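Each chain is listed here by its residues.
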Amino acid sequence: MDEHRTAEKARALVTWRSATTTNALIAIAAAVGPSSGILSLAGTSRPFVISRVVTIALAVLATGLLIAERSHPRLPVVRLLFVLPAIPVLFMNWFLAPERVGQGLPMELFVREAIASAVYALAAPPEVILSVLPVAAFSMESLLVYGMARWSHPSQVPRFEPWTSLIYATGVTSLALYRARRQQREVATVVKLEQAAALRRLMRGYLAVRDLINTPLQTLRISAHLLATRCPGARQVTDSIERAVKRLDQLNDLLAEGASTVEWPPGSESFDPLAVLRASRSKPES
Amino acid sequence: MPPKSVLLLEDDSDLRMMMCELFDSSGARCLGVGSLRELKELGANGRLSFDLAILDVNLGSGQPSGLDAYRWLRDQSFAGRILFMTGHGRAFAGVADAHAVGVEVLQKPVSVDDLLRLLCETPGTT
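Protein chains in written order, with our numbering: chain A, 5 to 290; chain B, 36 to 161.
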């Protein structure tokens with residue numbers, strides 16, 4: 005496996021984890037929010053209910069798709085599934101603010117956007133843009149709600165808005181950058197481990213090839229000597245054999261340089277070199 | 036002076052035959068066995084008296100190795116000289132450990148001259 009493919013596979017695995025976390029949290033928040041009151045999602049208007057149902061359905065569907073992808077996640081798919089559920093959440097938040105006013109409840113400006121932003125920042129995948137985009141969208145939503153509320157319901161707008169929201173957005177973006185950097189380091193570590201494992205498989209392959217050619221080489225060398233001793237007339241033939249053996253020796257020496265680094269577990273000195281070769285070609289080392 | 040006696044543990048029958056032919060043609064007496072089981076049969080029959088034992092390390096998947104044979108020979112108070120013959124030098128920890136206590140390791144493929152030199156360098160004990 006080349007380095008680019010290994011890195012893509014590692015990125016997909018780490019992004020898969022981020023997407024699964026985000027979707028699970030969004031599904032739970034949208035499902036239990038109205039009854040728990042923690043997120044103040046109590047709303048009954050048709051647009052809000054539809055957006056909430058879409059949010060739950062999309063997050064659950066995305067989680068199901070992610071579970072199906074868990075063995076071999078595809079990077080474009082997991083990236084899309086990380087970002088996609090943010091869209092109905094934006095709509096859900098947007099429809100909830102005026103409804104709360106209609107119900108005589110406080111608007112609780114920016115709370116839901118702040119929580120959603122924090123989730124996307126904490127679960128940031130290695131590609132920070134995937135996290136920054138939803139954070140920016142939620143921050144924009146906060147500013148839009150602020151822009152409308154400052155005229156219609158000025159008493160409900162907290163004193164230092166929108167500056168607190170902007171400072172919060174900056175902080176959350178920094179958190180996303182920090183988390184993304186951590187994830188990038190994890191990807192780099194996974195790539196290095198995978199490369200080390202691939203190198204070990206290659207070296208074991210070298211050792212197996214050496215094991216396969218050493219015994220026939222030894223047999224040929226002694227056979228040529230015995231033939232030369234017993235049939236001096238066949239000197240031309242035996243000289244050809246010895247030259248061929250010398251050429252194969254060069255290959256053997258070349259393989260020996262790599263194979264010398266292989267650590268062989270005690271108790272496994274008797275092995276089937278063909279089985280080792282097959283394993284080195286087909287499956288990753290556990 | 037009696038001919039030197041060589042015990043050869045090698046799972047490849049062609050190589051076993053060729054090496055014994057080589058030693059026999061040089062005036063030694065060579066006996067080849069293909070596994071630790073055959074070696075133990077020799078011991079059971081009281082025929083474990085050799086000047087030199089050459090042990091291949093890899094004796095095939097699932098089989099006891101040349102290292103097991105080495106330990107068994109030591110347990111039997113084998114008096115002759117013991118050498119490992121392997122294509123992997125001291126990659127195996129057990130071979131490296133044995134080398135550290137003075138057991139020689141021949142790197143396959145061994146030259147014919149080196150094989151014959153072994154006979155000259157080995158003192159006769161049998």
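Keep in mind that a hint or two might mislead.
Stated by the list, open to error - Computed footprint of chain A on chain B; a stretch qualifies when at least three of its residues, placed anywhere within it, have a C-beta under 8 Å from a C-beta of chain A:
hint, region
1, 56-70
2, 87-100
Said to hold, decoys possible - Sample of chain A residues lacking proximity to chain B, with all beta carbon distances greater than 12 Å (derived):
hint, residue
3, H8
4, P158
5, R234
Source of the hints: derived by calculation from the structure; they are not laboratory data.
For clarity, every value in this text was computed on a predicted model and none was experimentally measured.
All C-beta atoms in this analysis are idealised placements derived from N, C-alpha and C, irrespective of residue type, glycine included.
Going through the hints against the structure:
Coverage of a stretch by a chain is defined here by at least three residues with a beta carbon nearer than 8 Å to that chain's beta carbons; for the region 56-70 of chain B and chain A the count is 3, and the condition holds. A stretch counts as covered by a chain when three or more of its residues have a beta carbon under 8 Å from one of that chain; for the region 87-100 of chain B and chain A the count is 9, and the coverage holds. Non-interface call for H8 of chain A relative to chain B: holds, since the shortest CB-CB distance, roughly 32 Å, exceeds 12 Å. Consistency note on P158 of chain A: stated as away from chain B, and its beta-carbon is indeed over 12 Å from all of that chain's, at 79 Å minimum.
Some Cβ of chain B comes within 12 Å of the Cβ of R234 of chain A; the nearest lies about 8 Å off, and the non-interface call is violated.
Comparing the model with each numbered hint stated earlier shows that hint 5 is the single one that does not hold.
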